[in-house]
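Student: Sequence:
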Amino acid sequence: MAIQEQDLSAAPDVTWRAAAHPESPLAQGMRRLRKSTTALIGAGIVAVLLVVALFADVLAPQSPIASDQTHTFERPSRDFPLGTDQLGRDMLSRIIHGSRISLAIGVSSVLLALFVGVPFGLIAGYYGGRIDSLIMRVMDLILAFPIYLLAIILMVIFAPTAGLIGTIKVTGAIAIVRIPIYARLVRGSVLSIKEKEYIEACRALGVRDPWILLRHVLPNCLAPIIVTTTLGIATSIIVEATLSFLGLGTQPPTPSWGWDLKANVSFIQSNPWISLFPGIAIFVTVLGFNLFGDGLRDALDPRLK
6 MAIQEQDLSA APDVTWRAAA HPESPLAQGM RRLRKSTTAL IGAGIVAVLL
56 VVALFADVLA PQSPIASDQT HTFERPSRDF PLGTDQLGRD MLSRIIHGSR
106 ISLAIGVSSV LLALFVGVPF GLIAGYYGGR IDSLIMRVMD LILAFPIYLL
156 AIILMVIFAP TAGLIGTIKV TGAIAIVRIP IYARLVRGSV LSIKEKEYIE
206 ACRALGVRDP WILLRHVLPN CLAPIIVTTT LGIATSIIVE ATLSFLGLGT
256 QPPTPSWGWD LKANVSFIQS NPWISLFPGI AIFVTVLGFN LFGDGLRDAL
306 DPRLK
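Heads up: the sequence shown runs through residues 6 to 310, numbered per the numbering used here.
Honestly, the hints are just simulated from the structure, not real lab data.
Remember, predicted model here, so these are calculated numbers, not experimental data.
Errors might be hidden in some of the hints.
25 Å max Cα-Cα, derived SDA-like pairs, lysine to any residue [unchecked claim]: (1) Lys201 <-> Tyr131; (2) Lys199 <-> Pro215; (3) Lys267 <-> Ile152.
Distance windows between CB atoms, simulated [stated by the list, open to error]: (4) Ile273 <-> Ile170: 39 to 47 Å; (5) Leu55 <-> Pro224: 42 to 50 Å; (6) Leu210 <-> Asp145: 32 to 40 Å; (7) Ala149 <-> Leu45: 33 to 41 Å; (8) Ile162 <-> Leu116: 36 to 44 Å; (9) Val270 <-> Phe120: 35 to 43 Å; (10) Gly193 <-> Ser271: 23 to 31 Å; (11) Asn225 <-> Leu281: 18 to 26 Å.
Using N, Cα and C, we set each Cβ at its ideal position, and we do this for glycine too.
Generate the whole structure from the sequences, applying the supplied hints.
Tutor: See below:
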């Protein structure tokens with residue numbers, strides 16, 4: 006009987022603690038994320054790709070740019086697991102090093118667009134009026150062009166080159182294309198957040214606008230930003246591969262999946278592996294980021310509570 010009374014008396018204390026320390030939305034999202042099979046599969050693919058990209062110099066059996074005319078069009082074998090291309094270059098080594106280029110451009114372009122687009126969205130949504138109209142008209146002008154067409158136009162203007170400078174040009178072109186996406190996304194969130202009572206209370210207390218934006222508004226926009234960023238990396242990788250396939254992206258001798266598709270497309274019937282494996286690499290990479298992004302969206306969407 007004493008034990009039962011002790012259990013009953015402890016129950017209100019447990020309830021009070023749960024009410025006093027509710028689980029944060031981020032903690033709830035992470036808990037749902039760990040239960041999402043889709044997100045875990047995507048995260049696993051992305052993790053493997055990151056390891057391959059970071060340790061490409063160690064994992065690649067040969068140099069990705071060294072040609073060997075005595076081993077051109079070698080079929081997949083023990084010496085060349087994914088075969089060789091028309092210049093005798095090992096395809097496995099090129100795909101491994103190509104992952105570094107694709108991920109670097111995909112992540113860098115999205116982060117650059119993020120750092121430019123988010124402030125524009127915060128300012129436009131919070132202040133409104135002429136500032137909002139001016140910023141959004143510029144963003145609408147950029148969005149008026151299809152993403153691939155605008156990226157092609159920008160690369161024609163930038164003039165593709167080899168090496169690090171060429172990679173920076175591709176990254177910048179893709180980033181410009183994606184800036185309006187973040188600006189409009191954040192602006193839409195700010196328009197609803199700035200009407201909340203706690204924002205009005207901060208204004209009444211004389212809190213400065215930069216502090217309100219950084220401390221109270223931006224944190225409430227993080228969930229859609231994170232999801233859009235993850236999915237945006239996949240899109241940026243496809244755009245980079247498309248530009249390289251058209252000869253406007255990463256230039257040789259830098260290993261690139263899109264360039265390998267372009268250079269070997271004329272041999273696809275007689276030697277299909279030299280185009281098949283770069284295509285599979287692009288597919289798996291985009292699939293991984295899309296699965297992870299979909300899982301994040303389901304986990305962080307407050308409507309699923």
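Student: For every hint, state whether the structure bears it out.
Tutor: Here's how the hints hold up against the structure:
1. Lys201 <-> Tyr131: 12 Å, holds
2. Lys199 <-> Pro215: The hint holds at about 13 Å.
3. Lys267 <-> Ile152: Distance ~20 Å between Lys267 and Ile152 Cα, so the pair holds.
4. Ile273 <-> Ile170: 39 to 47 Å: 31 Å, violated
5. Leu55 <-> Pro224: 42 to 50 Å: 26 Å, violated
6. Leu210 <-> Asp145: 32 to 40 Å: Hint holds: Cβ distance 36 Å, inside 32 to 40 Å.
7. Ala149 <-> Leu45: 33 to 41 Å: 39 Å, holds
8. Ile162 <-> Leu116: 36 to 44 Å: 22 Å, violated
9. Val270 <-> Phe120: 35 to 43 Å: Holds, since Val270 and Phe120 (Cβ atoms, about 36 Å apart) stay within the stated range.
10. Gly193 <-> Ser271: 23 to 31 Å: 46 Å, violated
11. Asn225 <-> Leu281: 18 to 26 Å: 45 Å, violated
Against the hints set out earlier in the document, violations occur for numbers 4, 5, 8, 10, 11.
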